[in-house]
Amino acid sequence: MQIDDVLEIAGVFFSALSGGLAAVRKKFDVFGVLVLAWAAGLGGGILRDVLIGATPPVGIADPSLVVTAIVAGFVIFLLHPGLARMRTVVVVLDAGALAFFVLQGTTKGLDHGVGLLASVVVGVLTGIGGGVLRDMLTGEVPLVFADRQLYAIPAIVGAGLTAVLWQAGALTVATQAAVVVAVLGFRLVSVWRGWVVPAAAPGWTGRWGSGGSGRM
Amino acid sequence: MQIDDVLEIAGVFFSALSGGLAAVRKKFDVFGVLVLAWAAGLGGGILRDVLIGATPPVGIADPSLVVTAIVAGFVIFLLHPGLARMRTVVVVLDAGALAFFVLQGTTKGLDHGVGLLASVVVGVLTGIGGGVLRDMLTGEVPLVFADRQLYAIPAIVGAGLTAVLWQAGALTVATQAAVVVAVLGFRLVSVWRGWVVPAAAPGWTGRWGSGGSGRM
Amino acid sequence: MQIDDVLEIAGVFFSALSGGLAAVRKKFDVFGVLVLAWAAGLGGGILRDVLIGATPPVGIADPSLVVTAIVAGFVIFLLHPGLARMRTVVVVLDAGALAFFVLQGTTKGLDHGVGLLASVVVGVLTGIGGGVLRDMLTGEVPLVFADRQLYAIPAIVGAGLTAVLWQAGALTVATQAAVVVAVLGFRLVSVWRGWVVPAAAPGWTGRWGSGGSGRM
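Going down the list, the sequences are from chains A, B and C.
Numbering-wise (the numbering used here), the first sequence opens with residue -8 and increments by one.
Numbering-wise (the numbering used here), the second sequence opens with residue -8 and increments by one.
Numbering-wise (the numbering used here), the third sequence opens with residue -8 and increments by one.
Errors might be hidden in some of the hints.
The list treats identical chains as one, so a pair stands whether inside a single copy or across any two.
In silico EDC-like pairs for lysine to aspartate or glutamate, Cα to Cα no more than 16 Å straight-line [said to hold, decoys possible]:
| # | residue 1 | residue 2 |
| --- | --- | --- |
| 1 | Lys17 | Glu131 |
| 2 | Lys18 | Glu131 |
| 3 | Lys18 | Asp102 |
The set of hints was computed from the structure by calculation and includes no laboratory data.
Bear in mind that the values here come from a model prediction, so they are computed numbers and not experimental data.
Please construct the entire structure, taking both the sequences and the accompanying hints into account.
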């Protein structure tokens, strides 16, 4: 087992915890908790694989990844109150998972031949897609769109860096590690310093647009 | 027309009814009722086909299936109050549709060469995916995650049985019938006896995880 | 740059505005506004491309389209109050985008060899899918299912016309223009005359169907 595989399993595990926990908060049953752990841990990669045409997605076909997400779901189902005391640890681990997924997702897109732009998009989606799916399945507006934190921005920077390095033929173990450190560091510094991005200030709340726009 | 085709059309029809009814409860317009019937009747299979790379999905390309779902939508739109008296019948028919879809979805995955695990996953998704899509399109948290009933568990058992039999070269008409009877029986006995799975007991309601986890 | 490309970019731009505006109403942050613009402007085409197996979808791979959607998102983020005065213009532009997307989506399906029915379905989805995705990502029930307007009906008529013309070998620049005018005209007349389709009249609000149907 290589270092990449260990990091991937760790990333899935820590992302899956957030899905299981969201399900617990909604008082889902044990099946719902396991599905949410799977969706949060592997949903970003499933979305990536469907978009680049790499079917079946590893998120439904790779036993070690699927079992990892399920185990994370059981851990949350059985132990969740005890996890409340570990928040700082979780922020760091989650930022690590984000950094790793963005690097891996972008690289997979590039290796699959979908081009620079699509690879950056699927790299970002690999990092944030699981959380979006988790929120939608629990009836919440996706947190990443509204919480003003720098979560997607480090992901976009990391995916862009990866694509530029790959294009320049400079994507080595050392530069990959540098990308992970950059994303992780950017994310953690933004949390530590409380950086936020601007939110929209709606001055008008009418409704128009595609999907029924005429009644106004 | 073979027995398989008849069963598939019956399965789509009865699943589509549940989608149409959910749309009626939300006071959707006639187009919304038809789309929800289509999503509930064929959404699980569409998800399966996208995940295994069998495009275009039969749920958008097979005229007999699409027409079946649309007809079910019209039936609900025109007759829904009269259907309220048929609940016991519906539970049985719905369990039959679940059993058939799980067998068929798992077998399609195996025949498509995606491997045992992915086939079990898409088999379960074929059975429950339409209901999840129906609930998401009507703004509800998916019932199958939260209602504590044994709905997904019989599906998982059926998909696992199908995969084991296929792997052993023992998937005949007789064993396929046995799988359907097993899933159907398991589901109906669980309803009759009121069996439930445990739900999560949230002792802590904080929030963390991917998609914005730093504010804590 | 051909007239088709100009129309496509215009269609994406005006559809994306509706996504950005929905995000502004939900007080999303700048990243959320851009993602919603992208989803509303390009989500229908992404769904189409995934369903017909044309990966990677142009909605993540074509720089001019992705940049167009992002620019529309920034425009809304910076200028949205000023856009409130342009509603009539927007209804017309949105109807034009619907007409163009339906023609283009259906034709792409036909050219991709997925058959008449699947092409009509993906043509309609190209037209309405972005709005559905926009509503789901902002936690709303899709407007197109419930607002009783004639929005999907012109789309279905346009996709059907396109498929019939294609099948008859009569899909020329002139007939394509006729399809666009027909959809656009049908949509605008329905808005102008206030035409509506019937809504469901729920007389019974019980719950049954796949995804947990036994407890009744």
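Results for each hint:
no.	hint	result
1	Lys17 <-> Glu131	both (10 Å within a copy, 12 Å between copies)
2	Lys18 <-> Glu131	both (14 Å within a copy, 14 Å between copies)
3	Lys18 <-> Asp102	neither (41 Å within a copy, 38 Å between copies)
The earlier numbered hint that this structure contradicts is number 3, and it is the only one.
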